[in-house]
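Chemist: Those letters in the sequence shown? Residues 380 to 674, by our numbering.
It is worth saying that the hints were derived from the structure and are not from the lab.
One should not assume that every hint holds.
Distance windows between CB atoms, simulated [as the list claims (entries may be wrong)]:
#: 1; residue 1: G436; residue 2: G521; range: 28 to 36 Å
#: 2; residue 1: R404; residue 2: P470; range: 24 to 32 Å
#: 3; residue 1: R523; residue 2: P417; range: 33 to 41 Å
#: 4; residue 1: R469; residue 2: R577; range: 48 to 56 Å
#: 5; residue 1: R543; residue 2: R523; range: 18 to 26 Å
#: 6; residue 1: M618; residue 2: H465; range: 57 to 65 Å
#: 7; residue 1: R619; residue 2: H465; range: 57 to 65 Å
#: 8; residue 1: G489; residue 2: S532; range: 16 to 24 Å
#: 9; residue 1: R404; residue 2: E641; range: 51 to 59 Å
#: 10; residue 1: R398; residue 2: R523; range: 45 to 53 Å
#: 11; residue 1: Q544; residue 2: R668; range: 48 to 56 Å
#: 12; residue 1: A456; residue 2: R668; range: 19 to 27 Å
Predicted model, so just to flag it, every value in this text is computed and none were measured.
C-beta: ideal position from N, C-alpha, C; glycine also.
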Amino acid sequence: MLTTEQVRASGLSEQALYRLERTGRWQRLTRSLYLASPGPPSWAALASAGVLLGGEGARLGGAAAGYLHGLVEAPPAQILVLLPDHAVTRPRGPWRFRREALGLRGASVGAPPRLRVEDTVLDLCDVGTPGQAVAWVTGAVGARRTTAAHLRSALEGRRRARHRQLLRDLLADVGAGVESPLELRYLRDVERAHGLPRGDRQERPDLPFRRDVVYRHYRVVVELDGRLGHVGEGRFRDMRRDNRTTLAGEVTLRYGFGDVAEQPCAAARQVATVLARGGWTGLLVPCPRCLVSKP
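Taking the hints into account, I'd like the entire structure generated from these sequences.
Modeler: Have a look at this one:
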């Protein structure tokens with residue numbers, strides 16, 4: 380991507396530039412911007428173009444920054460470009476320009492410049508549902524893009540934040556090792572809601588893999604299987620993991636999203652039964668759902 384100023388500074392003559400355009404080797408995307416290659420521009424090229432159009436201090440935000448950080452699966456059709464507070468640029472093509480207040484977010488990272496991960500997550504949460512906020516926070520921490528401590532610091536640095544209390548509670552759980560919406564549901568709806576002992580999360584004692592929840596004193600392991608990573612070769616990896624746990628004298632219970640989301644009480648009863656066999660002397664606490672559901 381080249382601006383007209385960059386083209387002039389390179390010493391390229393108007394005649395040479397005309398030939399490049401006429402033969403299709405270069406394309407003029409806007410009055411002030413060239414794409415120095417043939418064919419449709421890629422999303423990455425358009426993202427870089429948006430920053431160039433925004434001028435000094437411009438950077439990507441929203442879903443565009445989320446995509447570059449690996450937090451959003453698909454590149455967004457509309458590319459958000461954040462501008463310094465004094466800048467003014469009208470929306471055009473796939474780009475939407477928005478001024479941002481000075482000091483609200485941290486320094487830019489990457490190329491093309493974008494918001495840091497923490498600011499990207501919080502901005503996405505500001506325009507998303509509670510469920511989406513849970514997914515973005517757990518996804519960012521679970522993928523090692525950031526930490527719960529860094530997100531908490533960024534959150535407390537903002538005067539306004541949608542879902543603030545939800546995010547505070549969520550970050551406390553994520554700080555304890557929760558790394559996915561499914562793990563969060565298990566922690567809250569199965570373990571805590573039924574008075575089960577607290578398990579260790581993401582535990583890896585000299586093993587080539589991590590285990591979701593481990594009740595070490597009772598030799599019980601709970602694995603929580605979302606779709607990602609547990610199909611195809613992932614299923615064979617799960618079997619090898621369970622076999623190794625069994626050989627170590629531990630019991631593995633494995634639950635999917637439907638088990639935890641739709642039948643948390645049944646899952647809690649199963650976990651409590653196996654814990655009791657391992658020596659747990661506590662009592663299963665009925666939750667509100669237990670009182671209206673059949674045993």
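Chemist: Go ahead and decide if the range 19 to 27 Å is satisfied by the Cβ distance of A456 to R668.
Modeler: With a Cβ separation near 41 Å, A456 and R668 fall outside 19 to 27 Å, so the hint is violated.
Chemist: I want to verify a distance hint. Is the separation of the beta carbons of R543 and R523 within 18 to 26 Å?
Modeler: 25 Å, holds
Chemist: Quick check on a hinted range of 33 to 41 Å for R523 and P417, using CB atoms only.
Modeler: 38 Å, holds
Chemist: Taking the beta carbons of Q544 and R668, is their distance inside 48 to 56 Å?
Modeler: Check failed, 23 Å falls outside 48 to 56 Å.
Chemist: Tell me if the beta carbons of R469 and R577 are separated by a distance inside 48 to 56 Å.
Modeler: 54 Å, holds
Chemist: Just to be sure I understand the hint, the distance between the Cβ atoms of R404 and E641 should be within 51 to 59 Å; is that true here?
Modeler: 58 Å Cβ-Cβ, so the 51 to 59 Å window holds.
Chemist: Within 57 to 65 Å or not, the Cβ separation of R619 and H465?
Modeler: Given a distance of about 59 Å, which is inside 57 to 65 Å, the answer is holds.
Chemist: Is 28 to 36 Å respected by the C-beta to C-beta distance linking G436 and G521?
Modeler: 32 Å, holds
Chemist: Does the beta carbon distance between G489 and S532 stay inside 16 to 24 Å, or does it fall outside?
Modeler: At roughly 20 Å between Cβ atoms, S532 and G489 fall inside 16 to 24 Å, so the hint holds.
Chemist: Against the range 24 to 32 Å, how does the distance between the Cβ atoms of R404 and P470 compare: consistent or not?
Modeler: 29 Å, holds
Chemist: Is it true that R398 and R523 lie within 45 to 53 Å of each other by Cβ?
Modeler: Hint holds: Cβ distance 49 Å, inside 45 to 53 Å.
Chemist: Does 57 to 65 Å hold as the CB distance between M618 and H465, or does it fail?
Modeler: Since the Cβ atoms of M618 and H465 sit about 60 Å apart, the hinted range of 57 to 65 Å holds.
Violated hints, listed in ascending order, are 11, 12; each of the other numbered hints is respected by the structure.
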